[in-house]
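Visitor: We have chain F already, so just place chain P on it with the hints.
There are 2 protein chains.
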Amino acid sequence: MRTVHIGLAGFGTVGSAVFRNLQSNAELLARRCGMRPEIVAIAAKNLSSRAGGAERAAARLLVRDLDVLVADSRVELIVELIGGCGVARRLILSSLRAGKPVVTANKALLAEHGREIFIESRRHGAPVWFEASVAGGIPLIQALREGLVANRFRLLYGIVNGTCNYILSRMTLEGAGFEEALREAQAQGFAEADPTFDIDGYDAAHKATVLASLVAGGCVNFRKVPVEGIRHITVEDIRFAQRLGYALKLLAIIRSLGPNHVEVRVHPTLIPVTNRLASIHGVTNAVMVRGSVVGDVEFSGPGAGGDATSSAVISDLMEAARHVVLQKERVKGAPLPQPPSAVGSVASRVAPAESIVSRYYLRLGVLDRPGVLARIASILGAAKIGISSVLQPEGHEGRVVPLILMTHDARHGAMLGALARIRRLPVVKSRPVVLRVETFES
Amino acid sequence: MRTVHIGLAGFGTVGSAVFRNLQSNAELLARRCGMRPEIVAIAAKNLSSRAGGAERAAARLLVRDLDVLVADSRVELIVELIGGCGVARRLILSSLRAGKPVVTANKALLAEHGREIFIESRRHGAPVWFEASVAGGIPLIQALREGLVANRFRLLYGIVNGTCNYILSRMTLEGAGFEEALREAQAQGFAEADPTFDIDGYDAAHKATVLASLVAGGCVNFRKVPVEGIRHITVEDIRFAQRLGYALKLLAIIRSLGPNHVEVRVHPTLIPVTNRLASIHGVTNAVMVRGSVVGDVEFSGPGAGGDATSSAVISDLMEAARHVVLQKERVKGAPLPQPPSAVGSVASRVAPAESIVSRYYLRLGVLDRPGVLARIASILGAAKIGISSVLQPEGHEGRVVPLILMTHDARHGAMLGALARIRRLPVVKSRPVVLRVETFES
Chain F
44 MRTVHIGLAG FGTVGSAVFR NLQSNAELLA RRCGMRPEIV AIAAKNLSSR AGGAERAAAR
104 LLVRDLDVLV ADSRVELIVE LIGGCGVARR LILSSLRAGK PVVTANKALL AEHGREIFIE
164 SRRHGAPVWF EASVAGGIPL IQALREGLVA NRFRLLYGIV NGTCNYILSR MTLEGAGFEE
224 ALREAQAQGF AEADPTFDID GYDAAHKATV LASLVAGGCV NFRKVPVEGI RHITVEDIRF
284 AQRLGYALKL LAIIRSLGPN HVEVRVHPTL IPVTNRLASI HGVTNAVMVR GSVVGDVEFS
344 GPGAGGDATS SAVISDLMEA ARHVVLQKER VKGAPLPQPP SAVGSVASRV APAESIVSRY
404 YLRLGVLDRP GVLARIASIL GAAKIGISSV LQPEGHEGRV VPLILMTHDA RHGAMLGALA
464 RIRRLPVVKS RPVVLRVETF ES
Chain P
44 MRTVHIGLAG FGTVGSAVFR NLQSNAELLA RRCGMRPEIV AIAAKNLSSR AGGAERAAAR
104 LLVRDLDVLV ADSRVELIVE LIGGCGVARR LILSSLRAGK PVVTANKALL AEHGREIFIE
164 SRRHGAPVWF EASVAGGIPL IQALREGLVA NRFRLLYGIV NGTCNYILSR MTLEGAGFEE
224 ALREAQAQGF AEADPTFDID GYDAAHKATV LASLVAGGCV NFRKVPVEGI RHITVEDIRF
284 AQRLGYALKL LAIIRSLGPN HVEVRVHPTL IPVTNRLASI HGVTNAVMVR GSVVGDVEFS
344 GPGAGGDATS SAVISDLMEA ARHVVLQKER VKGAPLPQPP SAVGSVASRV APAESIVSRY
404 YLRLGVLDRP GVLARIASIL GAAKIGISSV LQPEGHEGRV VPLILMTHDA RHGAMLGALA
464 RIRRLPVVKS RPVVLRVETF ES
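Going down the list, the protein sequences come from chains F and P.
Each number in my numbering comes from the position in the first sequence (counting from 1) with 43 added on.
Each number in my numbering comes from the position in the second sequence (counting from 1) with 43 added on.
Excised from the complex, chain F in its bound form (with noise of 0.2 Å):
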């Protein structure tokens, strides 16, 4: 049996469950895949301080550097996992410069540099995995690639980071404050020591970056992506959201508008209660894919966690061992046909912000005094934005109270402009809390 010869970068959560998951699980992937993927170099920093099992039988594969590693004429095909944007690019474009095909689970990297990879992938026939990248162990990059192939995706969303997931979990079902449910979070390791990356909601935007250039079939700039974290998301606001029918979730949303031409956004959002992402709780990830020809197609899963992203790595570099093989086997000159709807090198243009049209949900604080629905009304009815819902919990006149409107679609340029002027009426006291709503019925 042919055994295919792997370079491992990166010793971290994820590093080590892949050398460990690929140990214990050797025979059983020798059977399913007639391949034996062996770990015959590692890269990483003070692995060899670390004390554990693992630890020890992957100190004697270590190697001095990641230019060592591409160089090592053994080494078929190159993991990384080193994280970030720095020498995990100069990895990934020196080994697929040397021609060895690459997995990652880097969405950093693929959302700020996939099109110089592609790009340097495609020249060289090396190809990328990258299924762990988004979602930790669900299988979607593969759906999305191979199993769905024979769609157009005209809608995907989905919860794709789990501390989000797990603080506003907490908020919506216990009534913790955002502060509060952080905390939480960091004490179960959901969320790190500086929690800004998840909770401003740029880990998500990097994901959705990657699943918005499979959906547009070409590259997303993630500098285009609009991303609303939720650092200013409060009690009172899930609970008004529940009385009107909708969860709140951070959300991942991407619209096809046409070839290589995308919507795509991170940002609270209400959702009704019966949709099914309103029902995924804690660091749950879940996907939601629309396809031309198969419908709405869910996943759910593990979308983190050193074991679970472990599984999505060792499918992929199963797939690239494969690869490996095919290509080593191969009628010189041939081209081996790539994996399927691959990204490919193209741009892709992104709708700007001030254009994406979606349903509104305004909390005010005003004065409680006759006629200011009236005057917050004609300001949104200059703009041509409908009002569909209103809430307003009984007070007492003269006093600041909650003012709660719904409205319907209406363009984000079209809300700034009407917010702008709101926020100028005397009668407005407080900052509006604006937050999106969608039913993703068409």
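Derived by calculation from the structure, the hints in this document are not laboratory data.
A few of these clues could be false.
[To be verified] In the EDC-like style, the derived pairs of lysine to aspartate or glutamate whose C-alpha atoms are separated by at most 16 Å in a straight line are:
no.	chain 1	residue 1	chain 2	residue 2
1	F	K427	F	D452
2	F	K371	P	E372
3	F	K267	F	E397
4	P	K472	P	E440
5	P	K371	F	E372
6	F	K88	F	D108
Guide: Using the frame of chain F, we list chain P on its own:
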């Protein structure tokens, strides 16, 4: 760009959808996969007499019979969408013997003759793809074979028959009786004029057999799979289940018991209302897989219909086309790696029905009289079956009233023995209703 030539057998709902969607997405598929799939020959009954646009285009490709289809030297792979175990079996076997890969949606054939087919497939190096055989458009089979290849599958359960799920949903949500819900399903086109095959659980059992073969890593014998349908389900039992916190679903349940050893069954099952499958309504299919590395992953989507099923067939067909291209352009003699974790040709052992352990829901019609519960409890106690809760709606002494018992884990054999004794009690006035209860916690 390389064109791959396909022979299509069968032109019913799925066959015509495959033909239509392949034509309308030809450019998309070519761009994504770097190959052009082209149907060059079709074998189908009565095709030439039909009137639609796709039928007229297809009629020009009509060949005389299945033998001509396989023998056609242009045909590089066969798509079998005839169904059943007669001519479909002969077609697939002769195609494999001619070294031509096969794509099929035929769960009945795989369940009843899978081993014969996989042995022949291996012998001739011609793979069989069968994504469309289970859960329609959901890319589940590929996930089990490839995306989750790093995992042993400990548990798999799912709603895999849309007809039954539609009927049970109507009964649950609207209180329709079984006959009424069945007639509605027939009126909506979700049930056949003769619904036996669906409502008695055989279709679900065929799918369970295919899934169990993947879980076990070896062929499961369909005739060993215990099957129970939904014909005897009443709204009364659904309501009692709801009062106890459960929903009723027809489930396929598969547990791994070790290498090539598996527990597999299909029956109506009470599951906690909090389980995500409890809120899968209508004709939607959903499957939960528990992997040893990844944890719990769930898939849901359309389980039937021409378009949804054609999405799965086309993805298989593109994978098979890639195989054909790789095979033809390959160094002579080198065996082409098979797609991972194909079922294999070994037989798997199936746990006998009597040995299966689960919790139970029992509804007895008993005379409302002191001491009745004690007598029943003592029979269950003697069989070492513990009672976890009792529900007895208020009745009138001397009348026949329902008595609902929920038990702890019990072997099916022990339960059957206890039930035989309970039925002989003079105070038990009707045939007990016996339903399995699963929480899937371990």
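Visitor: Provide an ascending list of the numbers of those earlier hints which the structure does not satisfy.
Guide: When the structure is compared with the hints, none of them turns out to be violated.
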